[in-house]
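Each residue of the sequence shown is one higher than the last, beginning at 1 in UniProt numbering.
These aren't lab readings, by the way, just hints derived from the structure by calculation. Do not take every clue at face value.
Claimed, not checked - Across the chosen pairs, the derived CB separations fall in these ranges:
#, residue 1, residue 2, range
1, R444, P355, 19 to 25 Å
2, P67, T328, 24 to 30 Å
3, A262, K39, 27 to 33 Å
4, P221, P67, 20 to 26 Å
Glycine is no exception: its CB is placed at the ideal position from the N, C-alpha and C atoms.
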Amino acid sequence: METFETGNGRVRGFRAADGVVAALGIPYAAPPFGADRFKEPRPAAAWTGVRDCTRFGVIAPQSAELPGAPAWSPGDEDVLSLNVWTPAPGGGRRLPVLVWIHGGAYTFGSSAQPDFDGTALARAGLVVVTLNYRLGFEGFGHVPAEGGVAYPDNRGLLDQVAALRWIRDNIDGFGGDPGNVTVAGQSSGAASVACLMVMDRARGLFHRAIAHSPASPCYTPAIAAATTREIAAAAGCPATPEGLAAADPQTLVRAGDAVVEAYRRDPASGSRHYDPSLYAPVLDGDVLPVDPLTGLSEGRSRDVDLLVCHTTEEYWLLDAVGSSAKVTTEERLAAFAADFGLPDALVDGYRADAPDAPVLDVYLAVFGDLLFGEYAHRLAEQHARGGGRARLSRFDRRRGGPGGTVRAWHCADVPFAFGTLHDEAVAFLIGGVPSAEDHDLSARMVRAWADFARTGDPGRPAAGRGAGEVMTWTTDDRAGEGADHGVPGARSAAARARWAPVSFPLLRP
Numbered sequence: 001m002e003t004f005e006t007g008n009g010r011v012r013g014f015r016a017a018d019g020v021v022a023a024l025g026i027p028y029a030a031p032p033f034g035a036d037r038f039k040e041p042r043p044a045a046a047w048t049g050v051r052d053c054t055r056f057g058v059i060a061p062q063s064a065e066l067p068g069a070p071a072w073s074p075g076d077e078d079v080l081s082l083n084v085w086t087p088a089p090g091g092g093r094r095l096p097v098l099v100w101i102h103g104g105a106y107t108f109g110s111s112a113q114p115d116f117d118g119t120a121l122a123r124a125g126l127v128v129v130t131l132n133y134r135l136g137f138e139g140f141g142h143v144p145a146e147g148g149v150a151y152p153d154n155r156g157l158l159d160q161v162a163a164l165r166w167i168r169d170n171i172d173g174f175g176g177d178p179g180n181v182t183v184a185g186q187s188s189g190a191a192s193v194a195c196l197m198v199m200d201r202a203r204g205l206f207h208r209a210i211a212h213s214p215a216s217p218c219y220t221p222a223i224a225a226a227t228t229r230e231i232a233a234a235a236g237c238p239a240t241p242e243g244l245a246a247a248d249p250q251t252l253v254r255a256g257d258a259v260v261e262a263y264r265r266d267p268a269s270g271s272r273h274y275d276p277s278l279y280a281p282v283l284d285g286d287v288l289p290v291d292p293l294t295g296l297s298e299g300r301s302r303d304v305d306l307l308v309c310h311t312t313e314e315y316w317l318l319d320a321v322g323s324s325a326k327v328t329t330e331e332r333l334a335a336f337a338a339d340f341g342l343p344d345a346l347v348d349g350y351r352a353d354a355p356d357a358p359v360l361d362v363y364l365a366v367f368g369d370l371l372f373g374e375y376a377h378r379l380a381e382q383h384a385r386g387g388g389r390a391r392l393s394r395f396d397r398r399r400g401g402p403g404g405t406v407r408a409w410h411c412a413d414v415p416f417a418f419g420t421l422h423d424e425a426v427a428f429l430i431g432g433v434p435s436a437e438d439h440d441l442s443a444r445m446v447r448a449w450a451d452f453a454r455t456g457d458p459g460r461p462a463a464g465r466g467a468g469e470v471m472t473w474t475t476d477d478r479a480g481e482g483a484d485h486g487v488p489g490a491r492s493a494a495a496r497a498r499w500a501p502v503s504f505p506l507l508r509p
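Turn these sequences into a full structure, and let the hints steer you where they fit.
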């Protein structure tokens, strides 16, 4: 057993693999419940003796039960914890630090998911940190001010800042360099990274950023307040601080699930019918002073190197797991485009790219680029426009199998970058037992992340003010030369021009 000194007390870790020690479930802030509910995170309390940190901490309130990860249990409150994997347990060395923020539509997920195990990246020479933060209404729901008392929006982002401050103050005891921190994430975790890049509270706490499949929506305070009224109505409580605080976390989770299901059942309910995510960062002008695209173009993080990636078939995963509405007719496709205000020429262009593709594939291609692909490109471009260094890549690995083709869909890139292909929990994402070519691709992606965290150079060109040069991750070199595998919407300059009339970030619910 290895022990480490932190500002709150000593912790005991364990040997996760040859040359790697892990310490799990370390509190970085106090439990955000009771009198601290809906407020900014407070520092964790100190302890005496040595705290056993050989198991993951409890996860944030949610209804999801993910493969290989623990479920949330009502009453679990000490949810603000982090985990460290280090190849330098004795300290002395100062290695680059990579901090991972999980995704999950701001509603589900945790640092305990098997594909986020930090062992392989630690073996590549990094100190790896993964963290939990408040989700759903607890982390991103709007609580109205009352009686002169204001409650912050974006509490989940504030938790992430608290974790970064803990890392700044404590990571040297684990062999990490607080002066060389890379913050990384995927999906809503990647969008969180983009938000952190423009937040005053996060300035100076990290030096590089990795964003895989960043999610595009942000909400105005008015949208967030309207969502609160829906949640409160479903929970049977007043939409006031007192009423919301009287509803326990499980009640608000169930209320959110009920609101989501109502949108799913109602094709006339607007844009949320297709993917009823209730929460997103709120442009409150305080915690999040500006949307990331605007902030990056203004140069708010020009000194932070940015590495962006998206998958080529993002939304096929959401269809495969049944979390997206089925759009299989031209009439429904037209309604989808109208609900999001997309120009007719954009959808027509996707159809022309793959004239034999079914309507469902056209819809999935457009929706995937709307929520992830186009936004990824714009993040890289706006950061470059603001004077920063940005690199852009796409993940295009797919494979055939008895159940059909496993596409280059949302989340499939994560176990490759973490080097966790061997875990059975990721078999669905990657299509079964990984091949030798898969392991080779994973080794290259692990090395790219490690090199980027170390030096800012992952071995690919920096993006310019235009589309930039895009590197493709694939097990088949030919797939990187523009092959589209019959998927609509190849991201050529002409295809991207179709998106020019569409404003980002998405602000509609």
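task: Confirm or reject the claim that P221 and P67 have a C-beta distance inside 20 to 26 Å.
output: For P67 against P221, whose Cβ atoms are near 36 Å apart, the range 20 to 26 Å is violated.
Review point. Is the distance from the Cβ of R444 to the Cβ of P355 consistent with 19 to 25 Å?
Key: violated, 35 Å
**Item:** P67 paired with T328, Cβ distance criterion 24 to 30 Å
**Value:** The hinted range 24 to 30 Å holds for P67 and T328, with Cβ atoms some 28 Å apart.
inquiry  = Range first: 27 to 33 Å. Now tell me if the beta carbons of A262 and K39 are that far apart.
reply    = holds, 30 Å
The structure shown violates the earlier hints numbered 1 and 4.
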